[in-house]
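Engineer: Each chain is listed here by its residues.
Number of protein chains: 2
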Amino acid sequence: MARIALDAMGGDHAPAAPVAGALLALQELDAAHSIQLVGREEVVRAELDRQLAGEFASMRDAAAARISIVHADDVIEMTDKPSVAIRGKPKSSMVVGLRLQADGNAEAFVSAGNTGAQMAASTFILRLHDGITRPAISTLFPTVKNPLVVLDSGANVDCSAQELVSFARLGSVYAADILGRTNPSVGLLSIGEEAEKGNAVVKEAHQLLRAAEGINFQGNIEGRDLPMAASERGPIDVVVCDGFVGNVLLKFYESVAPMIFGILGKHGVTREQISGALSHLDYASVGGAPLLGVKGVSIICHGKSSPKAIKNAVLVAMKTVESNMSAHIGQALSRAAKSEDVS
Amino acid sequence: MARIALDAMGGDHAPAAPVAGALLALQELDAAHSIQLVGREEVVRAELDRQLAGEFASMRDAAAARISIVHADDVIEMTDKPSVAIRGKPKSSMVVGLRLQADGNAEAFVSAGNTGAQMAASTFILRLHDGITRPAISTLFPTVKNPLVVLDSGANVDCSAQELVSFARLGSVYAADILGRTNPSVGLLSIGEEAEKGNAVVKEAHQLLRAAEGINFQGNIEGRDLPMAASERGPIDVVVCDGFVGNVLLKFYESVAPMIFGILGKHGVTREQISGALSHLDYASVGGAPLLGVKGVSIICHGKSSPKAIKNAVLVAMKTVESNMSAHIGQALSRAAKSEDVS
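In order, the protein sequence lines correspond to chains R and S.
Heads up, the first sequence is in my numbering, so the first residue is 93 and it goes up one at a time.
Heads up, the second sequence is in my numbering, so the first residue is 93 and it goes up one at a time.
Careful: at least some of the hints might be erroneous.
The list treats identical chains as interchangeable, and a pair is accepted whether it falls inside one copy or across any two copies.
Unchecked claim - Within a straight-line C-alpha distance of at most 20 Å, the following computed EDC-like cross-link-like pairs (lysine to aspartate or glutamate) qualify:
| id | residue 1 | residue 2 |
| --- | --- | --- |
| 1 | K237 | E314 |
| 2 | K358 | D269 |
| 3 | K173 | E286 |
| 4 | K411 | E169 |
No lab work stands behind these hints, which were simulated from the structure alone.
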């Protein structure tokens, strides 16, 4: 049994998208699981009633049994600074939603709201595993084969070599627990295969990763290898980079496919053919990214999340809870600290 | 009248591709211009004779009048370290070809050989403009509109904020002289529109660029803006980033389009439709990138360059010579140094 707290006020399409996402998720989750919609009670209640009177009429009984509303007076806006989450708005849906977990009343939190605020509030309320200085966000990059775990994708812009090693550990547990990869292989993003290629931090990280225990390090991976999810040495599951590079790449990737489809449209390719290919590249099918390194489960969704994306984020939250990912991350970091003490 | 020295031994398909590229270029260049093929005389002569006896039979008279062979004993291999160019192989086609320019016997040098060696040899033989610490390589990114000038794309991995400002000056002159852009607009690649977003170097560069005279700075540009060649503030001609980010992006871009076309092929899109769109994204149509910051003209081609790519690189070389780009760069840097002295 797991209880998912969902920020009903977070995202560009709140509260409609989170409420619809919760109802869609309910259709796929086992009956033992429940969802708490966190937000201004009268607003959330009205939206839920509206949807249950319309599109989701068949869900009335299920919603009555498994969806509850947890009131939160305030809302963190997209334009608020991250620190607002902690100091300025203790009664916001984000803080109230995360506190449910800290108080033992929920097992996970999901939000499409202000990402910086969610990171700050998650770090403050859930706290970090030992050995982690800041949480990381991983993104799944579509490839010709399986999606690639890329982290950090924007939470940490100036990273030390040690932080890149932490990302390798966090990403490996994520790939194993959420994506089911066995002994995930890790590549270090650089500008050449050779250990001596890269900027100063990457060159140092290469040596640390090579010496690190418990990481299936496969050497450097280049930009050209990402769409193949493989370097010359073989398949790669996890790609490690600083959050500046990761964020630039992610945003570029999100926009280059639409550009190419636009060009193709001028060459007689039909909308149906494009949408077929687009489904392979659909970010909404992933839904949410667990904030890695916190003690608990905090799932970050894109601000533009559709009901389908929110639904998938709730399913990711469930998988994160059921696989016990957070505990596994704590164990991996603790083993790493011990092996460093010995050596 | 301009004389282009072309490295006949450089690139994966040498000497066939450079020789064919020279003959293709001759068909498009004014009769006053000539090409010097630099390499082992007997090898280059045999290849030239072979092509003039076959595919290029109609070019015999033109080749006799306007193509000469400059002998060079040695070849810099793709696996050689850059320093080899200067110390180890003074009789290589690359060093001999660049010396022609230093000695007043050629106006430009073009090579598809070892890029690191070409940078080192160009810096050593042609020397750098005052105010430049290392040369930069700019790449043209295809977009929905006009190509975007992105620099640095791999020559400088750890950059200072001042170097990013230099890139803005170099890229602006390149965009004006070679691409014909008027008052080129410059964007700083970052992870958000706001001045306070980015890593430490980028945040400092933002302030320097904002204060710099002679640069049409339009603020930050994000990864998602690149395919549009525009930030929220308007169109962008030049994007500035360090060579690590630039190289990762460039290689990713080169491989993501083929991936998408591969996916589309599975959805019934025909080879003809794809090749129509591919022509829009064809890197061979650009051909070569001038090494920016050297006193003279050194055009860098991809190692895989086809005859068409080499031909286009020779045309870029001609444009670089005729527009007087190197002198304009010197003037721009000198004006910048004066305005800094004043302020």
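Engineer: Run every hint past the structure and note whether it holds.
Structural biologist: Against the structure, the hints:
1. Proximity of K237 and E314 under a CA criterion of 20 Å is satisfied intra-copy only: 17 Å inside one chain copy versus 27 Å between copies.
2. In the homo-oligomer, the alpha carbons of K358 and D269 never lie at most 20 Å apart, since the shortest distance is 43 Å inside one protomer and 31 Å across protomers.
3. Taking identical chains as interchangeable, the C-alpha atoms of K173 and E286 lie at most 20 Å apart only when they sit on different chains, with a minimum of 13 Å there against 41 Å within one chain.
4. Taking the closest pair of Cα atoms, K411 and E169 never come within 20 Å of each other, the shortest separation being 28 Å inside a single copy and 52 Å across copies.
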